[in-house]
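**Student:** The chain contents come next:
Protein chains: 2
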Amino acid sequence: MTGISQRDTMGGLAKGLSVIETFTAERPRQSIAEVSVASGLDRATARRCLLTLAHLGYADYDGKFFTLTPRVLRLGTACLAAMPLPQMVQPWLDRLSEELGESSSVSILDVDEIVYVARAAQRKLMSIALMPGSRLPAYCTSMGRVLLAALPEAEAMRLLRLRPLAARTPLTLTDPEAVMVQVKGARERGYAVIDQEVELGLCSIAVPLLNARGVAVAALNLGLPALAGDAETLAARYLPALVRVQGEIRKILR
Amino acid sequence: MTGISQRDTMGGLAKGLSVIETFTAERPRQSIAEVSVASGLDRATARRCLLTLAHLGYADYDGKFFTLTPRVLRLGTACLAAMPLPQMVQPWLDRLSEELGESSSVSILDVDEIVYVARAAQRKLMSIALMPGSRLPAYCTSMGRVLLAALPEAEAMRLLRLRPLAARTPLTLTDPEAVMVQVKGARERGYAVIDQEVELGLCSIAVPLLNARGVAVAALNLGLPALAGDAETLAARYLPALVRVQGEIRKILR
DNA sequence: TTCGATTTGTGCGATATGTCAACAAATATC
DNA sequence: GATATTTGTTGACATATCGCACAAATCGAA
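Chains as they are written, first to last, in full-length UniProt numbering: chain P, 1 to 254; chain E, 1 to 254.
In short, the hints are calculated from the structure, not lab data.
The structure displayed is predicted, hence computed values, not measured ones.
Just to be clear, a hint being listed does not mean it is correct.
Since the list gives no way to pick one copy over another, a pair counts as held whenever it fits inside one copy or between any two copies.
[What the hints assert, rightly or not] Mimicking DSS-like on lysine-lysine, the simulated pairs with C-alpha atoms at most 30 Å apart in a straight line are:
1) LYS184 to LYS15
2) LYS184 to LYS64
3) LYS251 to LYS184
4) LYS15 to LYS251
5) LYS64 to LYS251
6) LYS64 to LYS124
7) LYS64 to LYS15
8) LYS124 to LYS15
Generate coordinates for the entire structure from the input sequences, incorporating the hints supplied.
**Tutor:** Next comes the structure, spelled out in C-alpha cells:
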C-alpha cells in the first residue's frame, strides 16, 4: 500500500512502453540502434521489445526499420473509449458550437499538458488540427489555466516549473509567476480568457467542468477569432452559454 | 529472419499491452480479478501489470479499481504523429471539403476495421463524431471496400469472415459473399459508393489513395446526405473532385 | 575491391519474472 | 451471523529475460 515494491513491477512492460514513446513525428522510422539510444535501453533489449511489438502487430519491420502500426492507436482509443466523459459531453459540445458558430472542446489535465478528449469543430481557426488526444501546454491555454486553478497552488506552481515556458507568440506569458497570477484570477472569476498566447489570431475562453461534488474534472472552452474584443467583452458575450452548459454537465457527472 | 524465435520475445510487454486493451467503454474501471479473466492472465500476473502501469502513470488505482489515465493516449498519438500521411493529406482534405461543402476523410485499414487518420468535418451527418483514431468496420463503409479491394481476394475474404457482419441499418449487407461482390466492383471501377449501410441518411463515396508505385495505402472519402441520389449520380457529381485529389496525393506519396 | 566503422545478432551468467499454490481478507449468499 | 465464494497478496521454484561481450553483417569511403 505504501510504495510499489520491486517485486510488483514488470520491467519488460515499462521498457516496451518507453520504446513505443520513442516514435515521434520526427522519427517515424527507427532502427534498433536508434530506438536503443532514444530509450536508453540496451540494444539487445530494444531489439526484443521491437520484435515483440512487431510480432503482436503493433509495429512493422522491413528487416531494417521499425514503424508503428495503427494497431497502436487502439491503445489510445481504448483509453478514450473507456472514459465516460467524452461521450457525455459531446452532445452539449455539438449544441454549443452550433448555437455560437464557434469550436468548443473539452480537455483534461495530464501533468502539465491539457489533453483534448472531445471537440466540436466549427471553423478552422488554428493552424494545427486539434482532435481528441491532441495536447497543448497548460500554461498558455484557457483550459489549462482553469485546470491549474483547480489544483493546490503549490502543485500548480510545480507543474509550471517543470519545463521552461516557451513563447509561442509575442503575447505568451513565459514567467511562471506571471502565469500563476492569471491562474489565481481564473480561480476567483471561475473562468479564464486567453488572448493569442497559443497562436496569433486566436482567443479562447474556458470554464472548469465540475462533478456533482464540485471537483473540477475537466475544462470546457470556446475558440474565438482574436478580433472578438477584450477579455471582459468576450466574457460578457460567451460566458453565459458556457456557464449554462457547465451547470448541465455538472448534473450528469457523478 | 524466419519466425520470431522464442528467445526474441518479451512476454511481459505482450501481457501488459493486452491488459491495456481489456479496458473498454463498458469496462472503464476494473479490479485485478476482472482484468485477469478479461486478459486470460493469472491474477498475480495481471496484478503486476496493473501495478506497473499505475507506477508509470498509465493507470490510476484507488486501492480497488484501476482506470487508464490520459497518459495512455500518448501512445496512440505518438503513433498518429509518427504517420506522415495525415499531415500530408490534411490540406487537400480542407480544400476538398471547403469546395464541396461536405465532410471528407482519409482512413487506413487495420485488420478488418478502417481507422480515420485525417478528417475535414463540414456538417454533422453522422450521429457519432468521427475523428482521427475513430474506427468503423470495413465491410459496410466506402473506404473499407476500396481498401479491401486492394488486397488479394482470399485475404479480403478472410477479413470479411473474421466476425459476423452486423446489420447496422436495414440496408447493410451482412453476407460476406455479397460484400465481396461489392468489393470486386469497387476494384473494377476504382471507387466505392455506400448507401446508408453504416447509418440511415448517410451515403459515402470513396477512392483509394495510391503511392507513387501504385499501391493503395489509404482511402479518401466524402460523406453525403442520403438524398443526394443513386450511386451513378453521386459518382458523376463527386468522383471528378476525388480523382483529382487522388492524383495530387499520389504525386507526393513516396 | 579492401579496410575500418557502424550496426545488428547471439551465447552466457546473473537476475528478474511467471506460474502455481496456499492463505488471508473481503464480499456475497443464505 | 455463519458459511461459501471471490479477491488480493505472498512465497517458492522453474524459467524467461537482461545486459554484457563478442561475432556476424552491413555500410562507406578510398
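**Student:** A separate judgement is required for each hint: does it hold in the structure or not?
**Tutor:** Outcome of the hint check:
1. LYS184 to LYS15: Neither: 39 Å inside a copy, 44 Å across copies.
2. LYS184 to LYS64: neither (52 Å within a copy, 35 Å between copies)
3. LYS251 to LYS184: Cα proximity of LYS251 and LYS184: one copy only (26 Å, versus 51 Å across).
4. LYS15 to LYS251: neither (41 Å within a copy, 39 Å between copies)
5. LYS64 to LYS251: between (54 Å within a copy, 26 Å between copies)
6. LYS64 to LYS124: neither (40 Å within a copy, 43 Å between copies)
7. LYS64 to LYS15: both (20 Å within a copy, 26 Å between copies)
8. LYS124 to LYS15: neither (39 Å within a copy, 41 Å between copies)
In summary, the structure is inconsistent with hints 1, 2, 4, 6, 8 from the numbered list given earlier, while agreeing with the others.
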